[in-house]
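Residue numbers (the working numbering), protein chains in the order written: chain A, 1 to 178; chain B, 1 to 155.
What the hints contain is simulated information worked out from the structure, not anything from laboratory work. Here the structure is a predicted model, which means the values were calculated and not measured. Please note that the accuracy of each hint is not assured.
One side only, chain B facing chain A, incomplete, derived with CB under 10 Å [said to hold, decoys possible]:
1) Glu-85
2) Val-88
3) Ser-89
4) Gly-106
5) Val-110
6) Ala-112
7) Leu-117
8) Asn-137
9) Ile-143
10) Ile-145
Once the Cα atoms are required to be at most 25 Å apart in a straight line, the calculated DSS-like pairs of lysine-lysine come out as [claimed, not checked]:
11) Lys-83(B) <-> Lys-116(B)
12) Lys-61(A) <-> Lys-116(B)
13) Lys-63(A) <-> Lys-116(B)
Where is the CB? At the ideal position from N, CA and C, for every residue including glycine.
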Amino acid sequence: MKKIILLLLAVAGGSALAQTNVPPKSPVPHQPTEISSDSADFDLNIRRAIYRGHVSVVDPKVKMQCEWLVVDLPASGGHLQNVNAETNVVIDFTDEKGQTYHVTSARAVYAYSLEGSVTNETVTFTGNPKVESTESTILSEPLVWDRTANKFHFYNEQMYFKQNISGGGGTNGIPKLF
Amino acid sequence: MSRDAVKFSLALGVMVVFLAGAADQPQKLPVGHATDFTSESYFEPPHEQQVKMRLSGAEAVPLPGGLLDVKKLKVETFNVAGKSEVVVSAPQCTYAMLDGVANSAGRLEVLALDGKLHVAGEGFLWRQAEASLTISNHVRTTIDIDIFSEKKTLP
């Protein structure tokens, strides 16, 4: 029973943290994104790049690995709008507070859109998604990373805590989530 | 590609035509050694005056089977406004004139998005009609745009 209460508190706390976890404007100078792979196909008519084999994406904010990556490149001056990653997708990133996250799934889809003045920027993980922080592991199907609000959305989630929350009682047993 | 007008110029005046003008015209094959050549294809009407793609090279040596050994290949694509969109370059490749296909085991570089996208790799296959490029090995792409920015406005 104590575990259940702690879990509920953890979820509530995590939700509140997530909603207030809006990153500050980044003062860090922009650095390019590097993509490496075994091979690649480029369709210049539709500006689509398909990377195959040991795909690695290294960005100042995100690192990703997968086996198959499709990038629809924007027109000159435009914003990247759609990226599909498949097979053994692994994403690592660190938030502005220094918290590291390790996300794995079979598939990840990055989508960006601008509707009026509203920006939507999400990464949707499907295929046994799992996000690990230093304190917990959460399984969710799907798992949606809302990049605009900088928070995760969980569906049918299962949580596992890496620290012992049953011993000692008190508030020390409540792990900090996202 | 069938309506594309194709121009081919030779600095030394040794070669003739690199690509055919229209599908109903016979392909003219080079008969000798060429240097500093350029081949241009154009958009469909109503932009038929605008260059869609320009293929150039420093040297072309005919090989058996309608092939050309091209040195310093450069392929540049344009939008209908005449702005350069993609530049593909390679130190060497073999170009199949009838098929419009180039390939090489050597290095290839691609520049696009006003230089903000750079792709390099080793070994490639270029299909001109489909504007399709396959890089076989060690592909490395550098994108100098803020992919994961928090908020952006579209142009």
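Verification of the hints:
At about 7 Å, the closest approach between the beta carbon of Glu-85(B) and any beta carbon in chain A falls short of 10 Å, and the interface hint on this residue holds. Proximity of Val-88(B) to chain A holds as hinted, the smallest CB-CB distance being about 9 Å (cut-off 10 Å). Because the closest C-beta pair between Ser-89(B) and chain A is about 14 Å apart, greater than 10 Å, the hint is violated. Taken as an interface hint, Gly-106(B) does not check out: its beta carbon lies about 15 Å from the nearest beta carbon of chain A, beyond 10 Å.
Checking Val-110(B) against chain A: minimum C-beta separation of about 7 Å stays under 10 Å; hint holds. With a least beta-carbon distance of about 7 Å to chain A, the hint placing Ala-112(B) at the interface is held under the 10 Å criterion. For Leu-117(B), the suggested interface contact is upheld, since its CB lies about 7 Å from the closest CB of chain A, less than 10 Å. With a cut of 10 Å, the hint placing Asn-137(B) at the interface with chain A holds, because the nearest CB-to-CB distance is about 7 Å.
Of the supplied interface hints, the one on Ile-143(B) holds, with its beta-carbon coming within about 4 Å of a beta-carbon of chain A, less than 10 Å. Hint status for Ile-145(B): holds, given a least beta-carbon distance of 7 Å to chain A, under 10 Å. For the hint linking Lys-83(B) to Lys-116(B), the alpha-carbon distance of about 15 Å falls within 25 Å, and the restraint holds. A threshold of 25 Å between alpha carbons decides the hint, and for Lys-61(A) with Lys-116(B) the separation of about 18 Å falls inside it, so the pair holds.
Restraint check for Lys-63(A) and Lys-116(B): the C-alpha separation of about 20 Å stays at or below 25 Å, so the hint holds.
Hints 3 and 4 from the list above are not met by this structure, while the remaining hints are.
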